[in-house]
Every structure is written in C-alpha cells, then in structure tokens.
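Take the sequences, apply the hints, and build the full model.
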Amino acid sequence: MSDYFRNLNVVKLLFTNVLLTTGLVSAEENLGKTSYLQVCSACHGVDGNGLQIQGAEGFPPLSGSLWLKGDADRVAQIILHGLQGRIYVKGKKYDQVMPQQGSLTDETAVAVINYVRTEFGGEKGGYNIDDFKKARASSKNRSTQWTEKELLSRYPLQRPESPIKHLLMRSYTGDWAKIPDFKAMQEDAIEEEHDGYISLKKINKKENFGLMWVGEIEITKEGDHVFEINADDGAKLYINGEVVAQAKADNSEKKLKNGKVKLKPGLHKFRLDYFQKKGNKGISIKYREPGLNWFWLSESTKKPEAEVKVVIDLTPKDGQVRMYNNFIKGSSARTMGVGYPLGNNIAFSTEHCNLDLIWKGDFISAGRHWTKRGQGFEDPASEVVVSPSQGVAWSDATGSKLLNAQLNGIQTDEIGSPTFGYTIADNIQVRDSFISSSDSLERTISINTDKMQTVTFKVADSGEQQENNIVIGKLKIALPETAKITKNGKSHFVTLDLEKGTNKLNLTYSWTK
Amino acid sequence: MDKIIYSALAALTFTSLLSFGQNEAKAEAQDDFYMRESILLPKDEVMEMGSIALMPDKQLAVATRRGEIWICKGAYADDVSKVEWKKIYDAAHEPLGMYYKDGWLYFTDRDAFGRITDKDGDGRYETYEVVNNKWGINGDYHEYAFGSTPDKDGNTYIVLCLTGSGSAKSQWRGWCKKIAPDGTSTPFSSGIRSPGGIGYDAEGNVYYTDNQGLWNGSSCLKPLKQGAFTGNPTGNIFYKDAPNMGERPVEPFSGSTILAERKRISQYLPPAVILPHGKVGNSPTAIVPDLTGGKFGPFANQVFIGEQTKSEVQRVSMEVVNGVQQGAVWKMLHGFRAGIVPMRLDEDGTLFVGGTNRGWGSNGGKPFTLERVRWTGKVPFEMLDIKVQPKGFKMTFTKPVDKATATDVANYNCQAWTYIYRSDYGSPEIDKVTPKVTTAVVSEDGRTVTVTLDKMTQGHVHHINYEKLVSATKEKIWTPDVYYTLNEIPEK
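Line by line, the protein sequences are chains X and W.
According to our numbering, the first sequence holds residues 1 to 513 in order.
According to our numbering, the second sequence holds residues 1001 to 1492 in order.
Source of the hints: derived by calculation from the structure; they are not laboratory data.
Heads up, some of the hints might be wrong.
Derived DSSO-like pairs: lysine-lysine, alpha-carbon spacing no greater than 30 angstroms straight-line [stated by the list, open to error]:
| id | chain 1 | residue 1 | chain 2 | residue 2 |
| --- | --- | --- | --- | --- |
| 1 | W | K1169 | X | K401 |
| 2 | W | K1279 | X | K269 |
| 3 | X | K221 | W | K1279 |
| 4 | X | K124 | W | K1378 |
| 5 | W | K1263 | W | K1119 |
| 6 | W | K1169 | X | K317 |
| 7 | W | K1279 | W | K1399 |
| 8 | X | K309 | W | K1087 |
| 9 | X | K329 | X | K206 |
| 10 | W | K1279 | W | K1295 |
| 11 | W | K1240 | X | K183 |
| 12 | W | K1295 | X | K372 |
| 13 | X | K69 | W | K1087 |
| 14 | X | K134 | W | K1043 |
| 15 | W | K1366 | X | K90 |
| 16 | X | K183 | X | K69 |
| 17 | X | K133 | W | K1043 |
| 18 | X | K269 | W | K1432 |
| 19 | W | K1134 | X | K329 |
| 20 | X | K500 | W | K1391 |
| 21 | W | K1476 | X | K33 |
| 22 | X | K140 | W | K1366 |
| 23 | W | K1279 | X | K264 |
| 24 | W | K1279 | X | K124 |
| 25 | W | K1366 | X | K309 |
| 26 | W | K1240 | X | K401 |
Chain X side only, calculated, beta carbon under 7 angstroms to chain W, not exhaustive [stated by the list, open to error]:
| id | residue |
| --- | --- |
| 27 | K124 |
| 28 | D131 |
| 29 | L168 |
| 30 | R373 |
| 31 | G374 |
| 32 | Q375 |
| 33 | F377 |
| 34 | I410 |
Every residue gets a Cβ at the ideal spot worked out from N, C-alpha and C, and that includes glycine.
Given below as structure tokens:
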C-alpha cells in the first residue's frame, strides 16, 4: 500500500503542473487530454513515460512507443478489449494487465486515441467515430483480452527509427567482377533515403549495377560495435572511412562478413558499397551496440527478394482506344503507347514520328510507372513484339539524307483513336493513323506537300520482301501493289513521288500464325 | 504495487480534479485564421496531383501524375463534398505545370510543353498540339519538367531537372528555357539541379525552388534571369548550344561558399531565400504570389511556397539590396493530408493545394489530396515583414506589439550560419555565429520593431526566434521564427 500512495502523490503533483501549462486547444483535444489524465495517466504517466516503480515491474511508456504508430486500430483494440501478458515496449519487457476501457464513450475513446497518438506517438490525429465503430465491429466476437502476439499479428508494429541519418543512395551501372571504385564514377542517380534503411526495393534492375549508400550512423554507447553484412554479389562496409566488414567484395578467398569497430557516442560516417553482377541479388546488414541486441539496418531479407511486379493492366476492354504516354521498352523515350480494341497495340515514337513497336494481345501494364517513383521502361504486355523500324523513317529521294521530323500534335476521334500530325523537312505535313480489326492494323499515312517532290519512307529495318509485303518474323507488312520497294542494307524502303496536295500511303500490319 | 486495475485507481484520483481542466492561456491554432478543407475526389480514381489550373466560371482543372486531366466544378462552393468531376484527357506524361488561356489548357509534361482543347464541345479534349519540345529526355524518371504560368508578355518558363538529379545526359538538363508565345524557345538560365516548382513574385519576376543536393547545401528559392547561372554547374556543358547566354561560367570551387563563388563567377545569381533544410522544410515545391489584395489574410504581395515532405505551406517576403534579391521565410500552414506539389491562389482568396506521396512520403500520410484554404478573416498576431538594415532588421507586425516584451533584447534569440557550396550532396550548417540583439526599438504605433545586432554576417542565414513577443492585447505570436538570407548588407 505504501507504493500505492507514493505513486498517487507523484501523479497528483505532475497533474497540477500540467494544468498550469495547458494551452487552449480544440474541443476534441481537450476531451482527449482530460480523459487521458483521468483514465490513463496513473499508469502511463502524465508525460506518457510510463511509471517505473522501485521493486516492481512498472508500467510501459507511451511516449515514443511504436505501439502508437501506424494503424490507430491497434490502439483502439487495446482500449476495447485490453491487453495482458508479456509485452515488449521500447526494448523493455513488461507483464501487466491493461484493462479494457468499456466505460469510455465512443467520443471519449476516439479523443484519447487521437491525443495519445499525436502527443506521444508523433502521429497525425484524424481517427474518427466511424473508424472506431469499424474497429469494434471487426472484433465483436472477442471475449478475452488481447495478447501481444495476437494483436501484433493483426496490426504489426512499424520498424523502429533507423540510426542511419542523412542516408543517400547513389546508383551506378556496370559489369564488374568486384566492387569498383564508385567514388571515381559518375552515378546514374542519387536518392535521399529518408527512412535510413538499406534496401534494394527501389531498384528495378536485375543485374550489372552497383550502389553506394552514404550517411551517418548514430551511436549511443561507447565500446566495440559489431557489424555483419551478407551480400549477393558483394558488399563492403566503411565506418569513418575504414573498412569494417566485407562480403565477397573482391572475389578473393577472404570473406570478412563480420567486423568490429570501437566507437564513441555520436554520429559516425557510414558507407556501404554493393554490387550485383548477375543471378540472385541481395544485401543485408545488422549491427550490435555493446550490451544490446542485433539491430537490422536493412530491410530484413533472409534470402534475396523475389521480384514483385505490380500489374495495372491497361488493355482496353470497352471498345475505346487507350493511350499510354510513358517510357516503353524498345521505343524512344518520347513515345505514345496505343492500345486498340481487338488486341492491336503500337508504340508510336513522338520523338521521331515513327512506328517503333507493334504487338498483338494485351496492351501494357502501368504498374512500373504508377507505383513508387516510376523508374525505367516497361515492356509491352506481349511475348511477340516487333519493331518495324527505328529512328526517323523519312529521307530524301536518294534515301541517303535523313529528313527532319517534328510532331505537331495528336487528334483523337470519338473512340479515342489518335491521328499523329507531324512535319517532315519543314514543308511536308503528315497525318498518320491506324484502324484496328481482328486480323490487322491498317495504317493510313496522309502526306500533304506544297510542291512535287520525291521522298523515301523506311518501312522496316529488317525482314524479307515477299512480293509487295515485308515479313519480319510473324509480322507481315503489306504495301500497295504499285509501291516502289527498294532495299538498302537490311532496311526496306518505298519511294514516294509526291504530287502537290494530298498523297496517301496505306500499309497493313497483320500477323501470321 | 501489484497488477492493480489502474483505471479504477485513476478514476478515484482524478474525478474531483477534472473541473480544473479549463485554462485561461491562449495558444493560437491555425484553424482560427485559415480554414483548410479537403475537396472530394472522384471515387476509385488515383488523383496524384501534379498540376492545378484555374479555369473560367470558377472551374478548376487538375492534372495527375498518371497523366490524366480532370475538370472540377464546385471547388469554390460552400459544400466541397458536392463537386462534379469530369476526365477530359488521359495521355500526358506526368504533367507538372498547367494553365488555361483563350480556350486552351497548356501543360508541361516530360515530353513537351503543349496544349489541349475541346474543338467539338463534347467535353473531351480531343486536340493536342505541341508548342515546344526542344529538350532531351532519356527515360530517367528524374528528368522532370516543371512549367510556369505565362508572364505578362505571354512567355512560359520551363525548368528541367538533371538526369538522375546528378548528371546532364540529355540536352538542356539543368536549364531553364523560355518559351515565347509563338512557340520558339531560348535558353534562359543554367545552374538548376532538381526543381520542385516554378512561379512568380507579385511583381512578376520568375523563381523556382531547388532541392538540397549536389552543389546545393540547402533547399532554396532561386530567382531566374536571362543569362544567369543559379549554382549547379552540371548542365553548363550546354553553353555550347546557347550563344545567347554568352561565356560559359567558370567552374565553381567545390568546398567553397556561395558568397566566395559569387565573387568569382560573374553569372552567379545566389538563392534569394534559403529554406534551411530540416528546419523549414525538406522538399520545396510550388511558388504562388499573393495577388488577392488582402483576401487571403494580411500577406498581400508576398509569396507562398509548397513543401512536399512536411505537407506545409511557407511564406516568403523579399527585397532587393545592392541589386541582389534576398529575403525571409516563415512557416505558415501545416496539416495538409499529403505531400504538396502544385498550388494555385485565386484572386478571390482561395488557395488550392494538391498533394501526392508516391515515391516521396510526407507527413500528410495520404497517397494524394486536393485541398483548399481560405482566410477566416481573423488576423493572427504575426511578423508581417522583415527588412534588413545596415546593423540589424526592421520587423513589422500585423498588430501592435506589447512594448515591454518587444523592447527586451533578451526576447530575441539569434543564430546565423551558412552552408558549404560543394559538389557533394547537401551541407551541414557551418560557420555558426550567435549574434546578439543589442537594442530593440518599438515604433510609436507599436507595429514596427527595429533591432540592432552586434554582428551581421554577409552570406549567412539569420535565424531570429521571437516566441516571447506578445501583442499589446497579450496575444501570443503565431509563428515564432524567421529565417533571413543575408546575401547583401545595405550601406544605409
């Protein structure tokens, strides 16, 4: 009983102090705060730091606890059903009973949830009565208090804050057998990694790349600190410029995966070099401060991560044409993907005004570009993709001098089918469009010129001529019977004697089985 | 103490104390001054905001990072849950900057500066025209293009992020290009790293926000001028293609300071306002001037800046000293639901704020948002403006200050620092000094406080904390910190 009363007095004292410094806040904040002080603070402390009681186990802190972070329903569930048994909070073990708070009205419970999360959890408020009602409904059959295991399997804790601050990731491309000198190389990109964790998540590449992470690690204890790395293909860790651990970094026999370094509390320079040649990829790193447990500095991956590809299928389903303006593999960086009904798809280069790609089947997935930052070129969603020709397709009468091509605009019709308008050599206006049918894609190139002239149009960069068709693998490009087809190197051309006014060139793209 | 049922204990202890829960002290909350509301977005759509354009008849157009353009009716109405949305276009490539002019919506995306219109009036914008696309892209996602609204002569300015934010592998990366109304473009400024937005001050001078990184110690607001170099030399390889820009600037020394390099590099235009990294923000974005004439509160003719990471809006006021642009930043609005990218401020006093968290998380926590902010009509007690003087600063306030607190020099805490100007990423704060306020003089009307500092350090950001100031009616100050970038010290 003596502990009980001492505790009571401490709380009273703290409570009085808080009253004196309280500011006027919104009604909900007020309700949250007064209710917290009334119902919760006896054990969790007026300041949210819990209560440490001499000779007894004490009560867990809320302040800075991961239990308050992330999903607010976790907090709601503790209020609704209570919590018992062994739990870990901020690295310390507690074994107490947190009773359910059935006497709170929904309004008060919500106010307390928002109060503790914003005041002690560093989270935003915004949890509302509807959220709370949903949380209650989701566990309405529960008759016992939660255990840590049950609750955290439903609402996992977020990762703790990483001790690595100001972390940057520089990425490089190259085919190396060991870790190269990244410092002497031009990086492809530099990313700020605000969460301070080592991860390959943002890397879309599978092979021939390197990464250098640079930051500062915050050390809290003096003494020997152990770092352990594991990498595929290889990695090397520097602390304060000295190599501490390396894993297959130089292809030699030496695989120093584990290293020790004496450090004092404070910030220390952290650098981790990593390279991937081919095959599986992965990097993991953990460290241990004197007297503490291992702490993972990497996204914990026991084995190299499998590629998780998000698919957002854009294949048109409603008879409309779907355009996708993004980076498509095999086409120029400026390109318009067009998915027509009946399974015909193209990538039309808006850089060169040329049909860069054509494929049959599904159109494309936007998953790569519409998740995360959207790095890289996406493959068309088909196994069979043909690039008829690349670059500008138009040249002069002799076929030797490439003409300039400039996109002017894109006009779509009532089903969204585009006509590409472009200018060739400053005085030839072209309108280029496609009509999709079940067995072919019919292209009409309408060419308007203010004078008679002869130009050459490149139909394909490869393939064989069969009568008035060019066949590239399974793709057949049918040209008009009158077309003057020539071959230069591997490319096939048509020569066009343009009349003043509008001229037309029709091409039919179809697939052989 | 054993496993006591502690709610019972607590109830016993505190029920009688509860009546003391109310308190007389007055802390100002944002909601008192500015009302922030979320505008309902179309159901099941991913509306990651990249651009906002003000349209005739109180309509709003927004462009999403997925490349869609939507028109919203009712965004100005009292009930923002009753808005109507219509998708008008879906083939843009991450557009960042859009405006309406003469029946066309102009937008800047990765590929081009172009425009769309609805010629047949069926509600679908079927006609797209390229206005200008004379810059390089290679597929690197960092190669963003941010476009301005038109200036008074109809020019649009486009800032082009470096490749991977560290190299210039495509043409004109690291440059600002000016697009004339006829569609022709000219190189305008070099020295850009990774912009987050572009816009104007109230006089129509153009600026962009550049994010902390290589050759940029802290994020900042940088002026753009014909022929200027703004700090990152990576894109200067394209001076060979820019005869109108004159001589290529000499290479800056890495490990130097902006102040030192300004003296070496004649084309160097220093940041007008440094937005101290970590203190004021992390990722500055949109720039909008307050041309509302007071309809958005007392800050007419100042500039508001979006902040992606912190989901905030900051306020900037600038002046020209010895021919150089410089000024101050204050934090202003917070609590937006996602990372702010585009903003537009209508002259009627409605600020539209668009957010997206994809790729770069924010305090806001939601994947995307469209919000609007209006002034409630209540004036906060706030530092309205700050102007530099030879030996200190002249600060004006929105309301008369309490003279006793304002004349007490102990109520001003100052710190000043600069950053390393270097090829490496960012910079710590260096050369820290702690100036002391030696005198603080309050004007007759109580609106102006002139402080003298024992030391003014050219090139340093001067931070003044004045949280202890109260108004003559004992109102607390709303925003207690100002950060002034002292490029130049006036002689008189």
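Now for the hints, and whether the structure bears them out:
no.	hint	verdict
1	W:K1169 x X:K401	27 angstroms, holds
2	W:K1279 x X:K269	22 angstroms, holds
3	X:K221 x W:K1279	27 angstroms, holds
4	X:K124 x W:K1378	25 angstroms, holds
5	W:K1263 x W:K1119	54 angstroms, violated
6	W:K1169 x X:K317	39 angstroms, violated
7	W:K1279 x W:K1399	26 angstroms, holds
8	X:K309 x W:K1087	28 angstroms, holds
9	X:K329 x X:K206	15 angstroms, holds
10	W:K1279 x W:K1295	29 angstroms, holds
11	W:K1240 x X:K183	28 angstroms, holds
12	W:K1295 x X:K372	38 angstroms, violated
13	X:K69 x W:K1087	37 angstroms, violated
14	X:K134 x W:K1043	21 angstroms, holds
15	W:K1366 x X:K90	27 angstroms, holds
16	X:K183 x X:K69	38 angstroms, violated
17	X:K133 x W:K1043	23 angstroms, holds
18	X:K269 x W:K1432	22 angstroms, holds
19	W:K1134 x X:K329	22 angstroms, holds
20	X:K500 x W:K1391	75 angstroms, violated
21	W:K1476 x X:K33	22 angstroms, holds
22	X:K140 x W:K1366	28 angstroms, holds
23	W:K1279 x X:K264	27 angstroms, holds
24	W:K1279 x X:K124	19 angstroms, holds
25	W:K1366 x X:K309	23 angstroms, holds
26	W:K1240 x X:K401	25 angstroms, holds
27	K124	6 angstroms, holds
28	D131	14 angstroms, violated
29	L168	5 angstroms, holds
30	R373	4 angstroms, holds
31	G374	5 angstroms, holds
32	Q375	5 angstroms, holds
33	F377	6 angstroms, holds
34	I410	4 angstroms, holds
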